[in-house]
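Number of protein chains: 2
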Amino acid sequence: MKQAIGVIDSGVGGLTVASELIRQLPKESVIYVGDTKRCPYGPRPKEEVIQYTWEMVYFLLERNIKMLVVACNTATAFTLDELREKLEIPVVGVIQPGARAAITNSHTAEIGVIGTEGTISSGAYVDTLKQINTAIEVYDLACPRFVPLVEKGIVSGEEAYQAVNETLQPLKQFNEMDTLILGCTHYPMIKELIQEAMGGNVTVISSGEETAREVSTILEYQDKLYQGNESPEYQFYATGDVEVFRRIASQWLNRAIDEVEQVVLGG
Amino acid sequence: MKQAIGVIDSGVGGLTVASELIRQLPKESVIYVGDTKRCPYGPRPKEEVIQYTWEMVYFLLERNIKMLVVACNTATAFTLDELREKLEIPVVGVIQPGARAAITNSHTAEIGVIGTEGTISSGAYVDTLKQINTAIEVYDLACPRFVPLVEKGIVSGEEAYQAVNETLQPLKQFNEMDTLILGCTHYPMIKELIQEAMGGNVTVISSGEETAREVSTILEYQDKLYQGNESPEYQFYATGDVEVFRRIASQWLNRAIDEVEQVVLGG
Numbered sequence: 007m008k009q010a011i012g013v014i015d016s017g018v019g020g021l022t023v024a025s026e027l028i029r030q031l032p033k034e035s036v037i038y039v040g041d042t043k044r045c046p047y048g049p050r051p052k053e054e055v056i057q058y059t060w061e062m063v064y065f066l067l068e069r070n071i072k073m074l075v076v077a078c079n080t081a082t083a084f085t086l087d088e089l090r091e092k093l094e095i096p097v098v099g100v101i102q103p104g105a106r107a108a109i110t111n112s113h114t115a116e117i118g119v120i121g122t123e124g125t126i127s128s129g130a131y132v133d134t135l136k137q138i139n140t141a142i143e144v145y146d147l148a149c150p151r152f153v154p155l156v157e158k159g160i161v162s163g164e165e166a167y168q169a170v171n172e173t174l175q176p177l178k179q180f181n182e183m184d185t186l187i188l189g190c191t192h193y194p195m196i197k198e199l200i201q202e203a204m205g206g207n208v209t210v211i212s213s214g215e216e217t218a219r220e221v222s223t224i225l226e227y228q229d230k231l232y233q234g235n236e237s238p239e240y241q242f243y244a245t246g247d248v249e250v251f252r253r254i255a256s257q258w259l260n261r262a263i264d265e266v267e268q269v270v271l272g273g
Numbered sequence: 007m008k009q010a011i012g013v014i015d016s017g018v019g020g021l022t023v024a025s026e027l028i029r030q031l032p033k034e035s036v037i038y039v040g041d042t043k044r045c046p047y048g049p050r051p052k053e054e055v056i057q058y059t060w061e062m063v064y065f066l067l068e069r070n071i072k073m074l075v076v077a078c079n080t081a082t083a084f085t086l087d088e089l090r091e092k093l094e095i096p097v098v099g100v101i102q103p104g105a106r107a108a109i110t111n112s113h114t115a116e117i118g119v120i121g122t123e124g125t126i127s128s129g130a131y132v133d134t135l136k137q138i139n140t141a142i143e144v145y146d147l148a149c150p151r152f153v154p155l156v157e158k159g160i161v162s163g164e165e166a167y168q169a170v171n172e173t174l175q176p177l178k179q180f181n182e183m184d185t186l187i188l189g190c191t192h193y194p195m196i197k198e199l200i201q202e203a204m205g206g207n208v209t210v211i212s213s214g215e216e217t218a219r220e221v222s223t224i225l226e227y228q229d230k231l232y233q234g235n236e237s238p239e240y241q242f243y244a245t246g247d248v249e250v251f252r253r254i255a256s257q258w259l260n261r262a263i264d265e266v267e268q269v270v271l272g273g
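Chains S and H, in that order, are what the protein sequence lines are. Numbering follows the numbering used here, with no gaps: position 130 of the first sequence is 136. Numbering follows the numbering used here, with no gaps: position 63 of the second sequence is 69.
Heads up, a few of these hints could be off.
[Claimed, not checked] Taking lysine-lysine pairs in the BS3-like style, the calculated list, with each CA pair at most 27 Å apart, reads:
| hint | chain 1 | residue 1 | chain 2 | residue 2 |
| --- | --- | --- | --- | --- |
| 1 | H | Lys33 | S | Lys136 |
| 2 | S | Lys136 | H | Lys72 |
| 3 | S | Lys52 | S | Lys178 |
| 4 | H | Lys8 | H | Lys230 |
| 5 | S | Lys92 | S | Lys230 |
| 6 | S | Lys92 | H | Lys72 |
| 7 | S | Lys197 | S | Lys158 |
| 8 | S | Lys72 | H | Lys8 |
| 9 | H | Lys136 | S | Lys230 |
| 10 | H | Lys92 | H | Lys230 |
| 11 | S | Lys92 | H | Lys230 |
| 12 | H | Lys8 | S | Lys230 |
| 13 | H | Lys178 | S | Lys72 |
| 14 | H | Lys33 | H | Lys8 |
| 15 | S | Lys72 | H | Lys136 |
| 16 | H | Lys230 | S | Lys136 |
| 17 | H | Lys33 | H | Lys72 |
| 18 | H | Lys178 | H | Lys136 |
| 19 | S | Lys136 | H | Lys8 |
| 20 | S | Lys72 | S | Lys92 |
| 21 | S | Lys8 | H | Lys136 |
| 22 | S | Lys8 | S | Lys52 |
| 23 | H | Lys136 | S | Lys33 |
| 24 | H | Lys33 | S | Lys230 |
| 25 | S | Lys72 | S | Lys33 |
| 26 | H | Lys178 | S | Lys230 |
| 27 | H | Lys72 | H | Lys230 |
| 28 | S | Lys92 | S | Lys52 |
[Claimed, not checked] With the Cβ distance kept under 8 Å, some of the chain S side facing chain H (calculated, not the full set):
| hint | residue |
| --- | --- |
| 29 | Ile28 |
| 30 | Leu31 |
| 31 | Asn70 |
| 32 | Arg106 |
| 33 | Ile109 |
| 34 | Thr114 |
| 35 | Asn139 |
| 36 | Ala141 |
| 37 | Asn207 |
| 38 | Thr209 |
| 39 | Glu215 |
| 40 | Arg219 |
These are calculated hints, taken from the structure and not from any lab test. Predicted, not measured: the structure shown is a model, and the values here were computed from it. All C-beta atoms, glycine included, are put in the ideal place defined by N, C-alpha and C.
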């Protein structure tokens with residue numbers, strides 16, 4: 007079997023990244039592991055997140071992946087450097103690609119970031135942006151209402167728009183902000199509402215799209231893009247309820263997912 | 007001195023790439039070599055382009071660059087694989103970043119490419135796009151009038167718009183084309199005219215911006231982003247008239263370039 011791109015996430019959010027990998031790299035196979043049983047990682051201690059992440063990584067290494075995508079903001083913040091140091095395959099996280107795309111896009115150097123409480127309070131996006139350009143002004147905002155909305159499937163209509171619009175009000179005072187990073191893998195599901203609330207002068211950057219783009223960059227750079235004629239395969243594993251996962255995956259990926267395998271990690 | 011990013015080009019076109027490197031990576035130093043005396047490379051035989059490119063590469067390797075950017079479409083098409091194979095530092099070309107950004111942006115998978123006669127007839131963009139996704143429909147068009155316009159400084163006003171609009175007519179029949187790649191490093195200087203001629207439904211992708219983005223991706227991936235507090239330095243070398251180069255560089259980079267050094271390449 008051809009080598010796949012491995013994607014790990016604390017749950018279903020990383021499916022927006024997998025969806026973009028499938029769209030932008032249609033020759034590549036993808037194996038996805040969602041640790042839905044122990045989701046969310048945000049409130050967990052750092053050591054626990056590192057341990058759970060490694061359990062998913064070992065599971066995928068046994069399946070001979072050629073690249074690892076850490077499609078979880080919390081896991082990226084806590085494990086990216088260590089994974090890059092210890093693994094022989096390339097590792098890409100979800101924070102840096104979105105940050106870089108924002109820098110490319112922004113001509114005012116005033117950039118907004120929205121995410122969960124955990125991601126925003128970690129300061130990971132601010133650090134990444136400032137590491138590249140200290141002069142960038144970053145406006146960040148935690149949006150704790152968004153993940154529950156998306157997980158309940160309320161991704162369009164008046165109720166969803168109201169919630170999104172209300173939440174984003176604090177960002178509207180920054181007239182020079184021309185770019186907004188969706189710093190949570192759930193948010194691409196409500197990207198249109200966010201765009202509508204922010205208005206046409208703000209470009210909304212989806213980390214899923216940008217992560218897939220950088221996976222492509224690094225695969226090509228390492229001469230590891232798949233060149234053959236075999237069809238791609240997509241495999242999904244979850245630590246929690248596989249039927250729930252299958253339903254969400256079919257909806258988010260906009261294609262019928264026939265099988266999700268149960269996986270037991272840890273202990 | 008801190009290690010710089012080296013940029014090579016057949017002439018002045020690559021300054022749009024240098025300009026984006028300076029904007030997106032303001033901590034990094036840049037050394038630019040323009041082979042203005044032997045410009046353009048497009049009509050030259052492959053072996054000659056390879057030889058000239060290596061002459062610039064050796065010149066920069068002596069200056070201890072940490073990364074090489076081949077900011078010339080012709081040189082990228084002929085030398086990228088060989089340079090990557092033989093050099094120990096990372097090498098980025100201008101074709102792949104634009105192609106990848108177009109794939110990320112396009113939701114119809116119908117993509118336009120404009121460039122010089124040489125670039126379009128080489129098929130390099132079509133090959134790169136199809137290598138990643140065979141299903142992409144590519145519409146390419148050579149625009150031989152654009153480089154002379156830019157080099158004469160006719161980058162706005164009615165005459166320039168007329169020329170751009172007339173030239174792009176053949177692409178307007180493709181209603182599903184949602185993305186257009188500027189496959190020539192001169193074209194960002196007339197990006198606004200091209201955008202106006204194509205209308206608001208087409209996203210115009212500038213290879214300069216996207217190349218700088220991928221330089222950032224690969225420097226971060228290789229842990230080579232500059233982390234210190236020294237100010238960046240910018241050095242410019244040209245094989246042809248240094249005063250002409252200095253004037254164009256000051257204009258394109260929108261900053262005063264005080265000195266351009268003469269360099270003699272080749273036997």
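For each hint, the structure was consulted:
no., hint, verdict
1, H:Lys33 x S:Lys136, "holds (11 Å)"
2, S:Lys136 x H:Lys72, "holds (21 Å)"
3, S:Lys52 x S:Lys178, "violated (33 Å)"
4, H:Lys8 x H:Lys230, "holds (11 Å)"
5, S:Lys92 x S:Lys230, "holds (19 Å)"
6, S:Lys92 x H:Lys72, "holds (23 Å)"
7, S:Lys197 x S:Lys158, "holds (16 Å)"
8, S:Lys72 x H:Lys8, "violated (33 Å)"
9, H:Lys136 x S:Lys230, "holds (16 Å)"
10, H:Lys92 x H:Lys230, "holds (19 Å)"
11, S:Lys92 x H:Lys230, "holds (18 Å)"
12, H:Lys8 x S:Lys230, "violated (31 Å)"
13, H:Lys178 x S:Lys72, "violated (41 Å)"
14, H:Lys33 x H:Lys8, "holds (10 Å)"
15, S:Lys72 x H:Lys136, "holds (21 Å)"
16, H:Lys230 x S:Lys136, "holds (16 Å)"
17, H:Lys33 x H:Lys72, "holds (14 Å)"
18, H:Lys178 x H:Lys136, "holds (22 Å)"
19, S:Lys136 x H:Lys8, "holds (19 Å)"
20, S:Lys72 x S:Lys92, "holds (15 Å)"
21, S:Lys8 x H:Lys136, "holds (19 Å)"
22, S:Lys8 x S:Lys52, "violated (34 Å)"
23, H:Lys136 x S:Lys33, "holds (11 Å)"
24, H:Lys33 x S:Lys230, "violated (30 Å)"
25, S:Lys72 x S:Lys33, "holds (14 Å)"
26, H:Lys178 x S:Lys230, "violated (36 Å)"
27, H:Lys72 x H:Lys230, "holds (8 Å)"
28, S:Lys92 x S:Lys52, "holds (18 Å)"
29, Ile28, "violated (11 Å)"
30, Leu31, "holds (7 Å)"
31, Asn70, "violated (22 Å)"
32, Arg106, "holds (5 Å)"
33, Ile109, "holds (5 Å)"
34, Thr114, "violated (12 Å)"
35, Asn139, "holds (5 Å)"
36, Ala141, "holds (7 Å)"
37, Asn207, "violated (14 Å)"
38, Thr209, "violated (11 Å)"
39, Glu215, "holds (6 Å)"
40, Arg219, "holds (4 Å)"
The earlier numbered hints that this structure contradicts are 3, 8, 12, 13, 22, 24, 26, 29, 31, 34, 37, 38.
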